[in-house]
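Just so you know, the sequences run in chain order A, B, C, D, E, F, G and H. Anchor point for the first sequence: position 89 equals 89 in UniProt numbering, and the numbering is continuous, going up by one each time. Anchor point for the second sequence: position 20 equals 20 in UniProt numbering, and the numbering is continuous, going up by one each time. Anchor point for the third sequence: position 38 equals 38 in UniProt numbering, and the numbering is continuous, going up by one each time. Anchor point for the fourth sequence: position 4 equals 4 in UniProt numbering, and the numbering is continuous, going up by one each time. Anchor point for the fifth sequence: position 137 equals 137 in UniProt numbering, and the numbering is continuous, going up by one each time. Anchor point for the sixth sequence: position 139 equals 139 in UniProt numbering, and the numbering is continuous, going up by one each time. Anchor point for the seventh sequence: position 36 equals 36 in UniProt numbering, and the numbering is continuous, going up by one each time. Anchor point for the eighth sequence: position 117 equals 117 in UniProt numbering, and the numbering is continuous, going up by one each time.
Below, simulated DSSO-like cross-link-like pairs (lysine-lysine); rule was C-alpha separation at most 27 Å, straight line:
id : chain 1 : residue 1 : chain 2 : residue 2
1  : E       : 87        : G       : 89
2  : B       : 87        : B       : 131
3  : H       : 89        : F       : 114
4  : C       : 141       : C       : 131
5  : B       : 24        : C       : 71
6  : B       : 89        : A       : 87
7  : G       : 89        : E       : 89
8  : B       : 131       : C       : 71
Away from chain E, derived, C-beta distances all over 12 Å, residues of chain C:
id : residue
9  : 11
10 : 38
11 : 42
Since the hints were derived computationally from the structure, they do not count as laboratory data. Positions of the beta carbon are idealized from the N, C-alpha and C atoms, including for glycine.
There are 8 protein chains.
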Amino acid sequence: MHWTVYLSGEIHSDWREQLEAGVKELNLPVSFTSAVTNHEASDAAGDLLMENENAFWRDHQSSKVNAIRTKSLIEMCDIAVVRFGDKYKQWNAAFDAGQLAALGKPYITLHDEKIIHPLKEVDGAAMAWAKTPAQVVEILKYVTTA
Amino acid sequence: MHWTVYLSGEIHSDWREQLEAGVKELNLPVSFTSAVTNHEASDAAGDLLMENENAFWRDHQSSKVNAIRTKSLIEMCDIAVVRFGDKYKQWNAAFDAGQLAALGKPYITLHDEKIIHPLKEVDGAAMAWAKTPAQVVEILKYVTTA
Amino acid sequence: MHWTVYLSGEIHSDWREQLEAGVKELNLPVSFTSAVTNHEASDAAGDLLMENENAFWRDHQSSKVNAIRTKSLIEMCDIAVVRFGDKYKQWNAAFDAGQLAALGKPYITLHDEKIIHPLKEVDGAAMAWAKTPAQVVEILKYVTTA
Amino acid sequence: MHWTVYLSGEIHSDWREQLEAGVKELNLPVSFTSAVTNHEASDAAGDLLMENENAFWRDHQSSKVNAIRTKSLIEMCDIAVVRFGDKYKQWNAAFDAGQLAALGKPYITLHDEKIIHPLKEVDGAAMAWAKTPAQVVEILKYVTTA
Amino acid sequence: MHWTVYLSGEIHSDWREQLEAGVKELNLPVSFTSAVTNHEASDAAGDLLMENENAFWRDHQSSKVNAIRTKSLIEMCDIAVVRFGDKYKQWNAAFDAGQLAALGKPYITLHDEKIIHPLKEVDGAAMAWAKTPAQVVEILKYVTTA
Amino acid sequence: MHWTVYLSGEIHSDWREQLEAGVKELNLPVSFTSAVTNHEASDAAGDLLMENENAFWRDHQSSKVNAIRTKSLIEMCDIAVVRFGDKYKQWNAAFDAGQLAALGKPYITLHDEKIIHPLKEVDGAAMAWAKTPAQVVEILKYVTTA
Amino acid sequence: MHWTVYLSGEIHSDWREQLEAGVKELNLPVSFTSAVTNHEASDAAGDLLMENENAFWRDHQSSKVNAIRTKSLIEMCDIAVVRFGDKYKQWNAAFDAGQLAALGKPYITLHDEKIIHPLKEVDGAAMAWAKTPAQVVEILKYVTTA
Amino acid sequence: MHWTVYLSGEIHSDWREQLEAGVKELNLPVSFTSAVTNHEASDAAGDLLMENENAFWRDHQSSKVNAIRTKSLIEMCDIAVVRFGDKYKQWNAAFDAGQLAALGKPYITLHDEKIIHPLKEVDGAAMAWAKTPAQVVEILKYVTTA
Numbered sequence: 001m002h003w004t005v006y007l008s009g010e011i012h013s014d015w016r017e018q019l020e021a022g023v024k025e026l027n028l029p030v031s032f033t034s035a036v037t038n039h040e041a042s043d044a045a046g047d048l049l050m051e052n053e054n055a056f057w058r059d060h061q062s063s064k065v066n067a068i069r070t071k072s073l074i075e076m077c078d079i080a081v082v083r084f085g086d087k088y089k090q091w092n093a094a095f096d097a098g099q100l101a102a103l104g105k106p107y108i109t110l111h112d113e114k115i116i117h118p119l120k121e122v123d124g125a126a127m128a129w130a131k132t133p134a135q136v137v138e139i140l141k142y143v144t145t146a
Numbered sequence: 001m002h003w004t005v006y007l008s009g010e011i012h013s014d015w016r017e018q019l020e021a022g023v024k025e026l027n028l029p030v031s032f033t034s035a036v037t038n039h040e041a042s043d044a045a046g047d048l049l050m051e052n053e054n055a056f057w058r059d060h061q062s063s064k065v066n067a068i069r070t071k072s073l074i075e076m077c078d079i080a081v082v083r084f085g086d087k088y089k090q091w092n093a094a095f096d097a098g099q100l101a102a103l104g105k106p107y108i109t110l111h112d113e114k115i116i117h118p119l120k121e122v123d124g125a126a127m128a129w130a131k132t133p134a135q136v137v138e139i140l141k142y143v144t145t146a
Numbered sequence: 001m002h003w004t005v006y007l008s009g010e011i012h013s014d015w016r017e018q019l020e021a022g023v024k025e026l027n028l029p030v031s032f033t034s035a036v037t038n039h040e041a042s043d044a045a046g047d048l049l050m051e052n053e054n055a056f057w058r059d060h061q062s063s064k065v066n067a068i069r070t071k072s073l074i075e076m077c078d079i080a081v082v083r084f085g086d087k088y089k090q091w092n093a094a095f096d097a098g099q100l101a102a103l104g105k106p107y108i109t110l111h112d113e114k115i116i117h118p119l120k121e122v123d124g125a126a127m128a129w130a131k132t133p134a135q136v137v138e139i140l141k142y143v144t145t146a
Numbered sequence: 001m002h003w004t005v006y007l008s009g010e011i012h013s014d015w016r017e018q019l020e021a022g023v024k025e026l027n028l029p030v031s032f033t034s035a036v037t038n039h040e041a042s043d044a045a046g047d048l049l050m051e052n053e054n055a056f057w058r059d060h061q062s063s064k065v066n067a068i069r070t071k072s073l074i075e076m077c078d079i080a081v082v083r084f085g086d087k088y089k090q091w092n093a094a095f096d097a098g099q100l101a102a103l104g105k106p107y108i109t110l111h112d113e114k115i116i117h118p119l120k121e122v123d124g125a126a127m128a129w130a131k132t133p134a135q136v137v138e139i140l141k142y143v144t145t146a
Numbered sequence: 001m002h003w004t005v006y007l008s009g010e011i012h013s014d015w016r017e018q019l020e021a022g023v024k025e026l027n028l029p030v031s032f033t034s035a036v037t038n039h040e041a042s043d044a045a046g047d048l049l050m051e052n053e054n055a056f057w058r059d060h061q062s063s064k065v066n067a068i069r070t071k072s073l074i075e076m077c078d079i080a081v082v083r084f085g086d087k088y089k090q091w092n093a094a095f096d097a098g099q100l101a102a103l104g105k106p107y108i109t110l111h112d113e114k115i116i117h118p119l120k121e122v123d124g125a126a127m128a129w130a131k132t133p134a135q136v137v138e139i140l141k142y143v144t145t146a
Numbered sequence: 001m002h003w004t005v006y007l008s009g010e011i012h013s014d015w016r017e018q019l020e021a022g023v024k025e026l027n028l029p030v031s032f033t034s035a036v037t038n039h040e041a042s043d044a045a046g047d048l049l050m051e052n053e054n055a056f057w058r059d060h061q062s063s064k065v066n067a068i069r070t071k072s073l074i075e076m077c078d079i080a081v082v083r084f085g086d087k088y089k090q091w092n093a094a095f096d097a098g099q100l101a102a103l104g105k106p107y108i109t110l111h112d113e114k115i116i117h118p119l120k121e122v123d124g125a126a127m128a129w130a131k132t133p134a135q136v137v138e139i140l141k142y143v144t145t146a
Numbered sequence: 001m002h003w004t005v006y007l008s009g010e011i012h013s014d015w016r017e018q019l020e021a022g023v024k025e026l027n028l029p030v031s032f033t034s035a036v037t038n039h040e041a042s043d044a045a046g047d048l049l050m051e052n053e054n055a056f057w058r059d060h061q062s063s064k065v066n067a068i069r070t071k072s073l074i075e076m077c078d079i080a081v082v083r084f085g086d087k088y089k090q091w092n093a094a095f096d097a098g099q100l101a102a103l104g105k106p107y108i109t110l111h112d113e114k115i116i117h118p119l120k121e122v123d124g125a126a127m128a129w130a131k132t133p134a135q136v137v138e139i140l141k142y143v144t145t146a
Numbered sequence: 001m002h003w004t005v006y007l008s009g010e011i012h013s014d015w016r017e018q019l020e021a022g023v024k025e026l027n028l029p030v031s032f033t034s035a036v037t038n039h040e041a042s043d044a045a046g047d048l049l050m051e052n053e054n055a056f057w058r059d060h061q062s063s064k065v066n067a068i069r070t071k072s073l074i075e076m077c078d079i080a081v082v083r084f085g086d087k088y089k090q091w092n093a094a095f096d097a098g099q100l101a102a103l104g105k106p107y108i109t110l111h112d113e114k115i116i117h118p119l120k121e122v123d124g125a126a127m128a129w130a131k132t133p134a135q136v137v138e139i140l141k142y143v144t145t146a
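Can you build the whole structure from these sequences, using the hints too?
This is how it looks when you write it as structure tokens:
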């Protein structure tokens, strides 16, 4: 049995790399998928289609191009990890979590203790809350190898 | 045809009251539903079940009690309005939007121009972006009366 | 048992009125729903939200506001009638038919013999092809009264 | 991750070949599927079952045989491209788009600026509007490789 | 709680009337629905649309008109009773049973002991096998009143 | 908004009556549904169809008749309460909980502290764990009135 | 693209073998699945679990064991062929067709002209009616190779 | 065709090993999946995330980590075997059976004659009841090889 794990959220720290290294070291039957994590590329995803002076429509156009990828990967994943850092609004991560919850996909949240309270609805529908990437690797090890 | 409209998000301004007044004045065939909007009551929703010293579990317990209501109302609604104010993390609103998107429920976002960019994924899956409650009332009028 | 029948397509002839008159005369247990059928109002549905110089985004904005209504009514209907006239592209009618087919909603097409061939895919998934509103009324009578 | 992309619509220009060439050059992890694109073969798809003098039933019979293929491929695809040319009614393309929308499959429309208005409902539910096959190839590159 | 019970199958005996009388006498919270049970009317259901010399297409056209009613009623019912008599092929009844099974609708079969063996697949997915209408009434009484 | 609450489990104590009394006193917008709670009647539910010497088939026949009621009520409910007492195997209650979980229906468990450990999977998918009927009434009050 | 085709119905003629030979000769990307087609083995499928004097329960037990296979294969198939011969009740074939219809699986019926009328509901939901295995092979060739 | 079979329930006898040996000997196209069957490991599954003095939350945390695995495997399986031994509450097995039933996954129960009565609801929705692992192997042989 091979497991596909979607990684959602923060793009300004190396948590994805830590998960990948940890899973590789343990040789777990796990593949990771992700949104495009290059911020500038992501913001410009739709620019080739039409130039827009209006900021809303530029964002709208790029957001929908990105969603071709993210919506598909969310629907294809077996498990997800949703990471919240200590900066920015990160509404896209909470939005992903809402989709995962409605689709019945089990997800693990990864965040500091400081933001427990504003994340209580997102954590309430999660299957686990981890504070470190190492904990996530441990959970994936437990879940994917018997 | 009667329409049920779920109101999600900000609880510190009177946008819900403005929508209700607007809809009442026009006599639209619309009923509104909402999460419990009393902040303290919502945080304490599960306290009667078990006292918890641990902040995470207290929030977890209350979050799940609240979700009995919100998850049901989200699934029962025909349309939703998701409001983002200028304060707080408001991850619960983005989480609701994610559920609405995955369930195929049409929703309208209601927020200032200043936060277009961090909301681009949430707006990307929305059917309309409004800046004022009055605009939402206009949309509801158009949509629910032919 | 009461039946809700969604009427999709042509807005430049009086086929909707003929159906309503026919159903009323026979006192059938049928209610009709429809998109907004005022062409100008429909094109301007989103204008109150934001003015757009760009023709694509103006149409996009209005199209999504209209879809709040049409997508909901399509999902709520028991039966649909999809009408194709002899003018215009009418891609919205074929688009509605595709949604109806994918949702498993039984629909009746209403069109002249001249356009059988270009409509063959739409007719192939339909439950009946009628040439006149009177025939549709007859079908509704048969289907809704035993 | 390999992606299956369904190509719907116009059969009288070489847009499919352009997409295939573009994707091959970039070595993208993409496979294309399509309806039978030979017009005569498609019209005659059911003729072997029964000869029909009646034009409606001949079309009906062939349409359903074709739908065995197209309905399956639509349900199996990850992404779709729906192409509208400048000739013919092309109701089958709009019908495909409606099915894609109702199934929650992300699709890209490919058409000239001249037909924005009649396609506004089809574009409203699309994730992107492209004017050239080269743009579609760019989007597929962005979406399928991170 | 009110229950809608779909009655499928044999139209040449009075089992429907027996059920209705039994349910009325006990004043059960049950409404019955049915296909059109007039054989000639049912065979001619589509004749008003187009005359067909070809027997297959005449049947096809009527069958689809009838299915507007039956497919809807099957999807709307809470429980079904599927009756097999001792004559005719009655493939429509077995076809209804297959739809009910796939939709997860609980159904009761009503037939003589003589045809247990050929009905074993239909009975295997049923919730009960009754030999008489009186038994069905008893089951409905038990199920709908506590 | 009216809420339907399915009551599953123990039939040898008066917890159902306590819930009904509590909800009545507070005049909550709640209706309760339940399996048949008369043990002998439930065991004999299918006996009228066929006498069975074999204990397995007698139970099988009655179990399926009961499931016509319980499966329907589970699918129709908005919320459920699943009660485990201190006696008997009560596998039917855990079986109901599994169905509720898979259908995404929010449920509250009601049981003593002594059986936390064997119920950990059932509680893990529940939205709340209550120790007394009075707590359940409080939760229902909170959830159904804003 | 590889296609899985479920073969349902008649077990007393060699139509399955003809389909297999035809598909093999053309080297089509098609695999066939089927219920167990040995009549005696099928009737005895559950006998190892428990001996039953009662004919109904013996059939019931075997029918359910067979359904583990058939229900799974029906849900896994891309296309089905449902064959009706000139003998026996063949309610299992009509039952399979009903499941296929409700699941939205495209199926082809295979039967003589003599039984058009009793099969009109089964044919009405089919995508094609073939009179010979050779015609089915032609359809499969057309559908699975472009 | 390869079949994935989920094994649920009792962890204190060697029934899983017997099934594996039997299937291996017959070289059946079957793979087995299971929850983590080490009792202590399972109870401690979430301990690495947070230490909990409160017994309920410790169980809750571990139960949800285990559910990441079990809920996924249940949804991925083609068939399940649910085993009830003669000790312990085993509510998790009945809970799994409820999920399987609601998802329409065919399952076989494996238990002694002594516990027929308390398991009647779980058996009522099962496709077969086996008393020995050898019988299960026979059923799997029959179902997976034609």
